[in-house]
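Under mature numbering (1 follows the signal peptide of the UniProt record, and there is no 0), the letters of the sequence shown match residues -30 to -1, 1 to 335, in that order.
I should point out that these hints are in silico values taken from the structure, not numbers from a laboratory.
Check the hints yourself; a few may be wrong.
Unchecked claim - Below are the PhoX-like pairs computed for lysine-lysine, each with C-alpha atoms no more than 25 Å apart in a straight line: (1) LYS320 to LYS75; (2) LYS193 to LYS267; (3) LYS125 to LYS77; (4) LYS230 to LYS125; (5) LYS193 to LYS125; (6) LYS335 to LYS321; (7) LYS267 to LYS200; (8) LYS107 to LYS234; (9) LYS78 to LYS107; (10) LYS241 to LYS77.
Claimed, not checked - For each label pair, taking beta carbons as the anchor points, the in silico distance ranges come out as: (11) GLU59 to ARG233: 30 to 38 Å; (12) LYS231 to GLU266: 17 to 25 Å; (13) GLY202 to ARG233: 18 to 26 Å; (14) THR255 to GLN141: 29 to 37 Å; (15) LYS77 to ASP165: 19 to 27 Å; (16) LYS200 to SER153: 19 to 27 Å.
These numbers come from a predicted model, not from an experiment.
From the three backbone atoms N, C-alpha and C, an ideal C-beta is built for every residue, glycine too.
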Amino acid sequence: MSRLAAAPSAAMMACAVSVLVALCSVPIDAFSAHRIPLLLANKHTLSPALAIRPRSLVGRVGLRMQGTDSGLKERIATFYDQSSPLWEEMWGEHMHMGFYGEDGKAKKTDAQAQIDMVDRLLSHGGVTPSTLSAGMKVLDVGCGVGGSSRHIANKHGCSVTGITLSTVQAQHAADRSEAAGLSGLTDFQVADALDMPFGDSSFDLVWSLEVAEHFPDREKWLKECWRVLKPGGRLLVATWTHREAGEVTGGHKSNMSLEKKERKLLDKICKYYALPEWVQLRDYTTTATTLGFKEEKTDDWSAAIAPFWPAVWRSALSLRGFTGLVKTLRQGLATLLGARAVLLMIRGFKKGLIRMSAFTFVKPK
């Protein structure tokens, strides 16, 4: 049985409420008899716990945001402070998508798929027991409640420092590490990824799993990663991106810029999830190599995450999922405000507009 299937009803209801609101927020024809199966069979997913109250989208230059909302960090922190306990009940310590094999067809529990996602990103980055071991230091950027940090520390015996904007997440991460007997190998701090409180060349590896899409200035973040990495250190990232402009798929070349309807869909998601404007994988690689990073590997894992969101969707619509409806209303409106974006994300992934991208960069010695 998957972790989600066994989740307490009150926790599951956070997702159920979101679905209910989403159903009321889209045109009725979106849920006609012939389209519902398509939604439930969707190949792509949405990472939980990213919904924030709507904000205005502003322009960008490269990976930088102009006129970034000064309250963005505070809203993100507040949301995670309020919502993380619910997501922990539902999914446990891993607050990210699962990896279900390269084609998304591997049969496994959702909990195992989440662990496999951590191992897959490590493998993608060329991390082995010989390249990451006791005495080495890892930075987990956007650590959540420390699931990845503990898994990496336990598997490789290395020291892992996790940073998050949420004080609740940092405390829960520390508590979980103490309970797991890993306090000596893990440390969690409230810190900003764009202004990290660490000295130059402090870490052997920097890790970021489903977090970079939140950063209003990705170039500044990459500069910070370069600064805190030791020479020879690796940067391992998995994040949401939009399709590559001008790519050739199915014998057809896409537009060099996003179409108006594509941009409109992404803009709507930004308003609900407090995201800066979306970028393509190429934007990361171009900026990183300009800074001096060596591009070692990039990948598209959109198919690999396929079963994750349908599992959340089905569970949210179950009878058990609705029993805690009233309790979720006490958690505030942040999660509800993100409900509309759930179906927008589904649509974006189905159309190939939204991607789950992975990349590994190396700081030369």
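These are the hints, each one checked on the structure:
no. : hint                         : in the structure
1   : LYS320 to LYS75              : 17 Å, holds
2   : LYS193 to LYS267             : 19 Å, holds
3   : LYS125 to LYS77              : 23 Å, holds
4   : LYS230 to LYS125             : 46 Å, violated
5   : LYS193 to LYS125             : 28 Å, violated
6   : LYS335 to LYS321             : 41 Å, violated
7   : LYS267 to LYS200             : 19 Å, holds
8   : LYS107 to LYS234             : 42 Å, violated
9   : LYS78 to LYS107              : 31 Å, violated
10  : LYS241 to LYS77              : 35 Å, violated
11  : GLU59 to ARG233: 30 to 38 Å  : 36 Å, holds
12  : LYS231 to GLU266: 17 to 25 Å : 35 Å, violated
13  : GLY202 to ARG233: 18 to 26 Å : 40 Å, violated
14  : THR255 to GLN141: 29 to 37 Å : 36 Å, holds
15  : LYS77 to ASP165: 19 to 27 Å  : 43 Å, violated
16  : LYS200 to SER153: 19 to 27 Å : 24 Å, holds
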